[in-house]
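Novice: The chain contents come next:
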Amino acid sequence: MSTPSRYWREIPQRYRLEANKCNRCELTFFPPRLLCPECKNRKLEKSKLTEKGKVITYTIIRVPPAQFSDQAPYAVGIIELEDGVRLTGQIVDCAFEDIKIGMKVKLEFRKLFEEGHAGILCYGYKFVPHGE
Amino acid sequence: MEGIIGYGAYIPRNRIKVEEIAKVWGTDAPSYKRGLMLEEKSVPSPDQDTITMSVEASKNALKRAKIDPADIGAVYIGSESHPYAVKPSGTVVAEALGATPEAHTADFEFACKAGTESMFVALNLVKAGVIKFGMGVGADTSQGAPGDALEYSAAAGAAAFIFGRDKIVAKIVDTYAYMTDTPDFWRREYQYYPQHGGRFTGEPAYFKHVTGAARGIMQNNDMKPEDFDYVIFHQPNGKFPLRVGKMLGFKKEQIEPGWLVNKLGNTYSGSSPLGLAATLDIAKPGDMVLIVSYGSGAGSDAFIFKVTDHIEEVRNLAPLTRDLLDKNKNYLEYGEYAKFRRKIRKAD
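Taken in order, these protein sequences are the chains called B and D.
Our numbering numbers the first residue of the first sequence as 1237 and each following residue consecutively.
Our numbering numbers the first residue of the second sequence as 39 and each following residue consecutively.
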């Protein structure tokens, strides 16, 4: 179970997909880093990831961590966004049999989990099918 | 000149039909469908609430407004189902949009009127010159007690409006508020479901306040029902907005574009704002639009908007409300619905 401070630290990434980009070798990092692992450049610019992508692979979680027990079974996928960055996230609003590798998805803001009956509500991104 | 510069809607994809609810409680579905003019209603997924739907509707409004979210000076969320008892919804929404830290935020509550309250305040702060851009959102994941008449209508949805002075989609002509202390519907602290006064929610509550606000704003602006192209009333069921429209002298054609309730249900604070979003989706430059909300307790806010040429440029930059309502639906059985709405819970 996370604490409010850990959740709070991740808000820029979880809510707004804030990443950073190396202005020398043009690599984008998510979550943001202090220096570029390729060229060790410390001058990294703030950037925002795109909100559309496609499913690279996925699995169905049937034995979940404790805070996700109410949600199981659920789908988790690796999603490649249009800017090339890959993220892990739940794929929702879609029957398991309809999830396909290569399927277009977009990001939606959802509740990720609740810290018990009295703790904080943790929000962030999930992925839903994108029919365009 | 002030008015709406961007608007956005969000409706969850789950639906439950009136027949499915009636089957469980042994009631007569055809008489509910006829009496309330309801066919089905939207249901939020377990990971959706007022905050998540407000974020999605606001992002759609931002797509149309095309402004830097950091320039939004006020983020107001109107709902009777704020997820926290203590902790604002608005901070999460503003943070998700990128409107923090230089913004004022508040959560409004006034039964089904909270959405237009948030719009009323955001708009008037822009008019007063206090802020450059202000956003008002109406959102709810409303609950009806199992077996209560409200269970057939209590639905989920959100609409967001960004107000500003340039590139206006709909110019504000006037605002008006009408309210009295009328206990027709309430929910006490620690109670999960609201209670209501049955038929008392009609004449002395909904009809008195909606007609009071509509007549008041029309009188102040020397306007008659025939001067409007469209009108949106709060939609607790299908029948009330059509009946109040007839009482005031409006025609069905003026009401229908924003009348979503038969397929959507009552989205409470999102109800008349979603009707306004659907109406702006089809309105033409120069059209006059009247919106009258209603919140139990009780009161109505009224707004007159004049649609501008700019509507054509922004309309298709975000999903249309009728598309969200009619496409990509997922029908639930009562058991799934009961789980989604936490009417039943898994053992710890």
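Since the hints were made in silico from the structure, they are not lab data.
Be aware that one or more of the hints could be misleading.
[What the hints assert, rightly or not] For lysine-lysine, the following DSSO-like pairs were computed, each having C-alpha atoms within a straight-line distance of at most 27 Å: (1) D/K381 / B/K1342; (2) D/K367 / D/K381; (3) B/K1282 / B/K1347; (4) B/K1288 / D/K101; (5) B/K1284 / D/K381; (6) D/K101 / B/K1257; (7) B/K1347 / D/K205; (8) D/K205 / B/K1336.
In this text the structure is predicted, and so the values were computed from the model without any measurement.
Novice: Take the hints in turn and mark each one as holding or not.
Specialist: For each hint, the structure was consulted:
For the hint pairing D/K381 with B/K1342, the CA-to-CA distance comes to about 30 Å; that exceeds 27 Å, so the pair is violated. The straight-line distance between the Cα atoms of D/K367 and D/K381 is roughly 22 Å, inside the 27 Å bound, and the hint therefore holds. Under the criterion of a C-alpha separation no larger than 27 Å, the hint pairing B/K1282 with B/K1347 is consistent with the structure, at around 25 Å. Pair hint B/K1288 plus D/K101 holds up; C-alpha atoms about 15 Å apart against a cutoff of 27 Å.
Among the hinted pairs, B/K1284 with D/K381 is inconsistent with the structure: their alpha-carbon atoms are about 39 Å apart, more than 27 Å. Taking the CA atoms of D/K101 and B/K1257, the gap is near 24 Å; set against the 27 Å cutoff, the hint holds. With a C-alpha separation of about 34 Å, the suggested pair B/K1347 and D/K205 falls outside the 27 Å cut-off, and the hint is violated. Distance check on the hinted pair: D/K205 and B/K1336 sit about 42 Å apart at the alpha-carbon level, beyond 27 Å; violated.
Consistency with the previously given hints fails for numbers 1, 5, 7 and 8, ordered from lowest to highest.
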